[in-house]
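Hints given; two lone chains; assemble the complex.
One-letter residues, chain by chain:
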Amino acid sequence: MRFAALVVGAALAAWITRRVWGGHPPAPPGAVLCPRELALLAAVAEAVFPPGGPLPRSGGEAGVPAYVDRLVAASAPRQRRLMRLLFAAVEHATLVFPGPGLWRGRRRLSAQPLAARIAVLEGWRTSSLFSRRLVFASLRAIVTLGYFADREVQRRLALDPFAIESPICEADLLYPRVGASRATIAFGLGDLTPPSDGTPLHASAPGAAR
Amino acid sequence: MSAPDVDLRAYADYERDFREEADVVVVGSGPGGAVAARELAARGLRVVLVEEGPPFTPPDYVQDGGFAMARTLREGGLRATRGTVMPTMQAIALGGGSLVNSAICNRAPAFVLDDWCGDYALEHTTRADLDPHYDAVGAYLGIAPTPDPVQGRRNLLFRDGCEKLGVSCEPIPRNVRGCRGSGECFTGCRPRAKQSMDITYVPDALRLGATVLTSARVEQVLASGRRAVGVAGRVVAPFTGRPGHRFEVRARCVVLAAGCMATPVLLERSGLAGPSGHNGRNLQFHPGVAVMGIFPEDVDPRFGATQGYQSHHFLAEGFKLETLWAPPAVLSVRMPGSGVELERRLLDLPRLAVWDAITSCNRSLGEVVPRRRGLDPVLRWKLHPLDLPILKEALYRLAEIFFAAGADSILPGVHGLPDEMTSLAQARALRSCDLRPGDLVLGGNHAFCTTRMHGDPARGVVDEWGRCHHLDNLYVADSGVFPRCPSVNPMWTVMALAHRTAHAIADQAGRSPGAHGFSPPGAAGAGRLGATPAGAGGR
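So the sequence lines, in the order shown, correspond to chains A and B. Numbering-wise, the working numbering puts 131 at position 131 of the first sequence, and it's gapless, one number per residue. Numbering-wise, the working numbering puts 42 at position 42 of the second sequence, and it's gapless, one number per residue.
Chain B on its own, in the form it takes in the complex (with noise of 0.2 angstroms):
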């Protein structure tokens, strides 16, 4: 039996230049751009989805550290910030970051999206809004939380010791079904239990007639006047990058979901950055810091979920912690020491656990800039002085879990201090010593804001609805829109947008829900694609 009818390209399938007309044009397959790409074509739209990496298959996925993240993500994985040196990463792949992320999902807790709608003039974002938009791409994919018997030792080390703290915490709701605990999240799932969007909402997007180009980069989005008319690029070779056929897709309507790294350089290459002056601007990460903690017994870390439990204990104080795994390659960089000593802290692997801190940092901002040449982006970055005290209280709280659960000693990885300690009173200068950005190790966590949404066209790039301010049919549906960092991992939130967006573009083309879609409150109206979205008040 032959493999389904549908027009997938792969980069061995292009023979020649090529021109392709749609009615929508999705640049970016990751959880933006395939749930839109799906949405849309659900709604009877003619779309084709462009995605510059390849799609990758069980075969195809590597478990060394090294070789994975050459692979799989953009610069190699060497990826930093300037100003304050973070590394950070964005995929290049079919499926985008949900092929090697942790299938972590959260809404935006509710008073994250009212700031949200009070900072930044916005009228229908707030968590009542989005939920019928979470509920629908939650029961989609299965989002749930994850369950005790995949959790593996490590993670419940985490519960266990919050418990005893009396903090609150909670199992990760994932977009999984059928997790083993493989911990491979970061490398390709083998046995396919993460629902990444390669293998969900892409394949669903070309049952319902969506072409989806593979291994093509989209270098420039075509514009007459005040409307988009598609995007132009290159074929490019899996993980040479080498350019090779032109291509060019002429659409109704665009939607750019090429990240929060990449949407904003391709609006900046194109001259449609907008009079705003915020295009690339507004930067913002949730810098994370880790600390590992040494257990008198094996903790087996290898098995388990990748991430299996989360507390947002302390949201409002400005961080999340959550549990971790990665290639213990890729975890021993984080080990103190060299020579012997290093050896022998490798030695203790097997009684090892990970547990990490996002923070929310809103005062930290930066910007990105096209590179000289190419698309890639030149990311600045700083860290504000008065975000410091969030990363260090963070610190210290994952150190206290950490002994409450009985661990026997942490290594919290800051200059200046023990490589090690053995006890909560050692571990309380990580709250009270003076340190520079410079002494911590920083993580690059999820990307925001570079074509944030604002109510004022002066003060964002794009509407409430995703679309630029400056263009009447040209769309953002990636983490740039977020006006803010959301305080919890931000995929099922990208996802609901991605949703919403695509049906605002969908009511607009005068498509029917119908079998596969999806009415949001109040949004009734036709037309032109492009046109003011229904009760989005106009411009």
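Isolated chain A, as found in the complex (with noise of 0.2 angstroms):
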């Protein structure tokens, strides 16, 4: 009896070994996610953002895992923690709501096919439950930022950053930039330069004009 316990006891450590951390490409370095954070950022922005739509890239190539990663970098330490434990929730969620296949669908979200990723992903979207809705908008939340952020689909959305020309004013004389000491200001009194003088963007911008 007690060695069935241990069996099983084994066999149920391998099974939540292999799911949670098995099987995952290696995380490039430098990287604050971990592979299997990766992989499910890969796996839920390819489904939100599919190969063959209108748009010129798919979630994948426009490099949202490493968006996410350089975000996750810069936030503070409890919304890394947030941030994480929501890709954990949703990539293993499909134990309780899970995909098409009675034990296929039940595989990790980043281990299934494509199809079944953005019926997974629909489900929470759809969901009756406020707390599944609000999951799947926070995450889609986060992967459209990186989707956006690539300059491809910026392109195709008429979204292309624009250059403006910054006045120098008073307070550059006063601050320095975020981190560095006072003593690195650059800008003297004989720096400051005529205020902004109104002409409307949307008139001048290069690429802007209608």
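Simulated from the structure, these hints should not be mistaken for lab results. Remember, predicted model here, so these are calculated numbers, not experimental data. Glycine included, C-beta positions come from ideal geometry on N, C-alpha and C. Just so you know, not all the hints are guaranteed correct.
[Said to hold, decoys possible] Straight-line Cα separation of at most 25 angstroms, SDA-like style, residue types lysine to any residue; simulated pairs:
#: 1; chain 1: B; residue 1: Lys382; chain 2: A; residue 2: Ser131
#: 2; chain 1: B; residue 1: Lys382; chain 2: A; residue 2: Ser128
#: 3; chain 1: B; residue 1: Lys382; chain 2: A; residue 2: Arg133
#: 4; chain 1: B; residue 1: Lys382; chain 2: A; residue 2: Val135
#: 5; chain 1: B; residue 1: Lys392; chain 2: A; residue 2: Ser127
#: 6; chain 1: B; residue 1: Lys392; chain 2: A; residue 2: Arg132
#: 7; chain 1: B; residue 1: Lys382; chain 2: B; residue 2: Asp115
#: 8; chain 1: B; residue 1: Lys382; chain 2: B; residue 2: Tyr396
#: 9; chain 1: B; residue 1: Lys382; chain 2: B; residue 2: Arg372
[Said to hold, decoys possible] So the derived list for chain A, only partly shown, Cβ under 8 angstroms to chain B, looks like this:
#: 10; residue: Ala74
#: 11; residue: Leu157
#: 12; residue: Asp172
Okay, here's the thing in structure tokens:
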């Protein structure tokens, strides 16, 4: 009896280990997120922005996991934990909210084929449970931020970054760049420039005129 | 030529623990704190202004929505209420919320202020009482209606829709000079047109002799008996919040302007919540709902004032309508769908406008309590069922204006209703359907009332002048002092009240108005900082 319990326990441990840690491609050097989190993000990005759609890049091609990795790195510790908890929850919630197929649908989300992942996420999006919709909205928000950071996507959506000249005002003589010492302020009174003249940007920005 | 010789300290300039002395220490450099600090310095008082965030300059701004939020907002922009879940924001930067808001300046309507006076035993807070303070701030910041040339198409379409329906509307008055309509208010104004506190009141306070400590987090208000004697805290690294050197500022008077979500936590942590039981209670928002509209032609939504038009037509019914813009990646979070359907909708972005409503949900209350550790708050708030119809009606009115303006379709963002509506008849469901709070995508715009003013010390935290009822020289100068939501964007009212509070403090210190000063009507008197302001009626 005891032996049987040990065997069952060991099998369960092996299953959990494989489910949580097994079979992920290694993370790129310097990544803050671990391989399983990057794999989940790639899987979700491909499901939210799948290949073959009207936009030039899929979520994976747009480098969403790398963007989210940078975003997580730039976040405060508590927010990092919250985001990672969100990723883990979505990855393993297939145990409770499975994809198509009795057993296959319960595999972790990142291990499921694209069509199944899309179906799972659609289930979250349209759920009658507010908490499920909230989880989906949070995850999609993070992925969308990363998708929009891609230059090709920006170009297709007419959202290319545009340059604007910043006048040098009195405040620029007082404040250093964030994190730097005041001794690094490069401007003096002679560098002050006239304030913005209020020329509407939509009439003057390159590529912005209608 | 070198930079002006002023006493501003940045994170990298702190080398050891330190201690300062001042007449007045002001905590927080947002619209309340910056105005108070400048006005007090102008009246000749020795002021130390303490701000937890760093100063930002244009090279520090990033246009990417995610990183902009992570850098300039507390909790990386992920702050949300519990109960009825709703995201809400608080900035962490020199200049506070003024760095990342849309510069909207509205005076609180007279009927709102009359209600405040009637319901909260206030005697000197009518519109006539506050107008001199509104005027002083308005003239200083150049507050003026948004001119047509920088409105951009998505704002003008709102005007057109309102006019067709006979709904009154107006260009939004803003604290900007030379706005070019870059639509970047939320990520920092690169053309330096927005007259945020960091480029207006704070430099002026420095020039007038104030000391400004940035990246300095106040963790405790120090008190002795009925008097505050200063504040203590730690220097913190920008973005990570890693604590460093300790500091203490001893002062004859303390002004807390840390924001409605932080000031009550600071009071609680300092053991100064007071006996009324109202510190941190009565939390109100202007819960917001938004509708996206798709027009048949391009509207170039990226260009134009971030928020250029508004309608006060329905204020008495509990909501205000306005145009809206934000980084497209952030706005797209509201778009329905996923997969190829979402991609198709994103292609509509050049034809898209977003308009929103902020609502006066006076029955929906909450509270701010400290987390177990740290100074971040836990926000509990619940939408009252009787306030839900206000949100539904606001959604319907937005839909009505969109269709009047010629929109092909709208995306109402309401769970249980169609993702896209193509006619006003279809949009009537917004009004008639049975909704739960969780069916709406709510935004926690503005926050108020957590240290509310009340003439009765048992029913409020501060008096009409912003002074804590239970302490002689501790003042609050942020939106927490509002006794009830103001129904319109609060920044100008925060500044007007802070302006009044600062001059009341200076009057008590016996400082004459002087060249830079301001003499509020009937405010005469001199004496010890923190004594009863003239005309306040004592306690």
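* So which hints don't hold here, by number, going up? -> none
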